[in-house]
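> Please build the complex by placing chain U on the supplied structure of chain Z, with the hints as guidance.
Just so you know, the protein sequences line up as chains Z and U, in that order.
Take the first sequence: its position 99, counting from 1, is numbered 98 in numbering that gives the first Met the number 0, and each next residue is one higher.
Take the second sequence: its position 354, counting from 1, is numbered 353 in numbering that gives the first Met the number 0, and each next residue is one higher.
Treat the hints as calculated values from the structure; they're not laboratory data.
Check the hints yourself; a few may be wrong.
Simulated crosslink set (DMTMM-like; lysine to aspartate or glutamate; CA at most 25 Å straight-line) [to be verified]:
#1 U:K206 with Z:D266
#2 Z:K207 with U:D110
#3 Z:K207 with U:D85
#4 Z:K206 with U:E202
#5 U:K333 with U:D85
#6 U:K207 with Z:D203
There are 2 protein chains.
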Amino acid sequence: MLSRTTVIAASLSVSAGSANPSKSNYSRLLGLNNNLSYTASNPVIVSSNSNFASFAWNTSNNSKYTKSRMERFTTRASPQPLTNADELIDSVQTFIFDCDGVIWKGDKLIDGVPETLDLLRSKGKRLVFVTNNSTKSRKQYGKKFETLGLNVNEEEIFASSFAVAAYLKSINFPKDKKVYVIGEEGILKELELAGYQYLGGPEDGGKKIDLKPGFLMEHDENVGAVVVGFDRNFNYYKIQYGTLCIRENPGCLFIATNRDAVTHLTDAQEWAGGGSMVGAIRGSTQREPLVVGKPSTFMMDYLANEFGILKSQICMVGDRLDTDILFGQNGGCKTLLVLSGVTTLSVLQSPNNSIQPDFYTNKISDFLSLKATTV
Amino acid sequence: MLSRTTVIAASLSVSAGSANPSKSNYSRLLGLNNNLSYTASNPVIVSSNSNFASFAWNTSNNSKYTKSRMERFTTRASPQPLTNADELIDSVQTFIFDCDGVIWKGDKLIDGVPETLDLLRSKGKRLVFVTNNSTKSRKQYGKKFETLGLNVNEEEIFASSFAVAAYLKSINFPKDKKVYVIGEEGILKELELAGYQYLGGPEDGGKKIDLKPGFLMEHDENVGAVVVGFDRNFNYYKIQYGTLCIRENPGCLFIATNRDAVTHLTDAQEWAGGGSMVGAIRGSTQREPLVVGKPSTFMMDYLANEFGILKSQICMVGDRLDTDILFGQNGGCKTLLVLSGVTTLSVLQSPNNSIQPDFYTNKISDFLSLKATTV
Numbered sequence: 000m001l002s003r004t005t006v007i008a009a010s011l012s013v014s015a016g017s018a019n020p021s022k023s024n025y026s027r028l029l030g031l032n033n034n035l036s037y038t039a040s041n042p043v044i045v046s047s048n049s050n051f052a053s054f055a056w057n058t059s060n061n062s063k064y065t066k067s068r069m070e071r072f073t074t075r076a077s078p079q080p081l082t083n084a085d086e087l088i089d090s091v092q093t094f095i096f097d098c099d100g101v102i103w104k105g106d107k108l109i110d111g112v113p114e115t116l117d118l119l120r121s122k123g124k125r126l127v128f129v130t131n132n133s134t135k136s137r138k139q140y141g142k143k144f145e146t147l148g149l150n151v152n153e154e155e156i157f158a159s160s161f162a163v164a165a166y167l168k169s170i171n172f173p174k175d176k177k178v179y180v181i182g183e184e185g186i187l188k189e190l191e192l193a194g195y196q197y198l199g200g201p202e203d204g205g206k207k208i209d210l211k212p213g214f215l216m217e218h219d220e221n222v223g224a225v226v227v228g229f230d231r232n233f234n235y236y237k238i239q240y241g242t243l244c245i246r247e248n249p250g251c252l253f254i255a256t257n258r259d260a261v262t263h264l265t266d267a268q269e270w271a272g273g274g275s276m277v278g279a280i281r282g283s284t285q286r287e288p289l290v291v292g293k294p295s296t297f298m299m300d301y302l303a304n305e306f307g308i309l310k311s312q313i314c315m316v317g318d319r320l321d322t323d324i325l326f327g328q329n330g331g332c333k334t335l336l337v338l339s340g341v342t343t344l345s346v347l348q349s350p351n352n353s354i355q356p357d358f359y360t361n362k363i364s365d366f367l368s369l370k371a372t373t374v
Numbered sequence: 000m001l002s003r004t005t006v007i008a009a010s011l012s013v014s015a016g017s018a019n020p021s022k023s024n025y026s027r028l029l030g031l032n033n034n035l036s037y038t039a040s041n042p043v044i045v046s047s048n049s050n051f052a053s054f055a056w057n058t059s060n061n062s063k064y065t066k067s068r069m070e071r072f073t074t075r076a077s078p079q080p081l082t083n084a085d086e087l088i089d090s091v092q093t094f095i096f097d098c099d100g101v102i103w104k105g106d107k108l109i110d111g112v113p114e115t116l117d118l119l120r121s122k123g124k125r126l127v128f129v130t131n132n133s134t135k136s137r138k139q140y141g142k143k144f145e146t147l148g149l150n151v152n153e154e155e156i157f158a159s160s161f162a163v164a165a166y167l168k169s170i171n172f173p174k175d176k177k178v179y180v181i182g183e184e185g186i187l188k189e190l191e192l193a194g195y196q197y198l199g200g201p202e203d204g205g206k207k208i209d210l211k212p213g214f215l216m217e218h219d220e221n222v223g224a225v226v227v228g229f230d231r232n233f234n235y236y237k238i239q240y241g242t243l244c245i246r247e248n249p250g251c252l253f254i255a256t257n258r259d260a261v262t263h264l265t266d267a268q269e270w271a272g273g274g275s276m277v278g279a280i281r282g283s284t285q286r287e288p289l290v291v292g293k294p295s296t297f298m299m300d301y302l303a304n305e306f307g308i309l310k311s312q313i314c315m316v317g318d319r320l321d322t323d324i325l326f327g328q329n330g331g332c333k334t335l336l337v338l339s340g341v342t343t344l345s346v347l348q349s350p351n352n353s354i355q356p357d358f359y360t361n362k363i364s365d366f367l368s369l370k371a372t373t374v
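This is chain Z alone, in the form it adopts within the complex (with noise of 0.2 Å):
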């Protein structure tokens, strides 16, 4: 069984995946890089609170991600099946739901999810929607729940296509600088809407390379980031074109949506997720990427600094131990797991398991029975 400490290593979004983490990656998992600077051909990590490696373009000015990190350090006990959701319900501010096995299963929605949120507006909670999804942006995400019957905000939604775009301006990414891009729409929808100059994209899916002898492709000097996410029109076109801007413009930044091994483009099967096109530019370019998706912290210490929130005050409720869980335990908040999705009971309680949420239940529409129970 890995201990607390190993699971919280392996979480960190700069080294996950790496047998041979640079000096300076472990530098970073044991927090000794506080608040360097640095210029854009030279770069230097910023620390953020949690886990998430902040870095500034031209600019020092990063103290609203720098924060204590011990927080993580706490032992938490087993988890505890939720009775009383009054409890919990009063004891926090915030709730942040993944979505895909909490809110929908595929296109259908989980029973009992529109009242419960109505519950939760009643009683002022901020509800907050993220997943990993970069294929969408907020708005196309929006009419996801429209169309579900949900009302839900686009300001409530945090895709990772959004984290992109959020994270970008958070190191003031110079708008005459390019970013390329390995994924689908959503991403260049969300870039587009933040004032940034983007290539690559469903553009770049059918290019082949015309080899012959002394052939080379010329690359853009101006691009300073290189964002992958999941990209049903992968191609080798791609993988050298991000290879080359991260290799050789110097400074140029590695940045994924996620690492997520599995996406669900059907329900019937498990489809290979972003993790495998991150995972190619990783082998090519040796470089580790600075994840904006879950579990880095990234989207929660946006949301706190953004809204004022403390993470104490935030409940995070999902259906995966490994992303959903470890995210809301990374950035200190509460956890709730929910039965509805990919994980059973068993998985849950296994001596296997070493990710353990504060409390669990079948699916949030239980925060509805369970309260009439106690009332």
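Then chain U, alone, in the frame of chain Z:
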């Protein structure tokens, strides 16, 4: 500076690239899993000599690959410029040459190579040419040697495409099982020659997934190994097919020809190598591959066993520290670095470099001149 032990650990084929090696990978690093046997549905690792973890398929008869690993943990002195070629030549029986940067550069032969090979042959030395490139078969490589005016026999060539077939033979991979190939023609040709059934390869290069609700990709349950090599026509179809086989077919192997970050499609720039395709499948399966190319010592182990060569009687000649020289050292061979490829003298002598060959020289034809001066 990394310690010698760290460098060795980072080079292990099965664990390279893993931040979070499974318990069994750690055990392999520590050499704890010697001589286990297993069945196809529940594979168990059979540790081999040096660092190649060999898998047995329905057989525990792998003793010819089971030897001591202690020879790797010797300390080496700083590299010496080669001053007496005859002494080195006389001290070994076999020379293993890397090709690109040693024999040729792109499509150009390096000065003095034919005469040097003639000299070594005249002294009764066995010559072997090893390359991580899997896009060509032995036969196709033989033609390249011929075009360059070199008289090299097919049996003297060890490309990683051949290593895949040789590896499958070494574990008695059942002939009724199939191999799914992510890679180019060389692998298919070698599998065919060895009598294995395969699918995938270039044929899947143009395939798209036509998504609709409830869609699932069917895969062949008889695939017992997924082989991943460099593939210019890499796509999401191949990622998903390979991932399904590895995840869902009991005991299915994940074999990589190599994990090179860079390959040499043209000399005009560095091209993303087989490490990107392997990284993608690692990202979606969360499994580590078995690597048959350098720096894993499978090819050397095979040579030693096939021809009855003592490894201390081999000199590995290469232009790369972290593949060629490490490959030689991992195998317990003498090592000679030539500066005719990617490694410069200043990189070799940098305090950051911890991989020290026994000797170094400018190019292999120094064997001629250094011989002349000492006669």
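> Among the hints numbered above, which are violated by the structure, and what are their numbers in rising order?
2, 3
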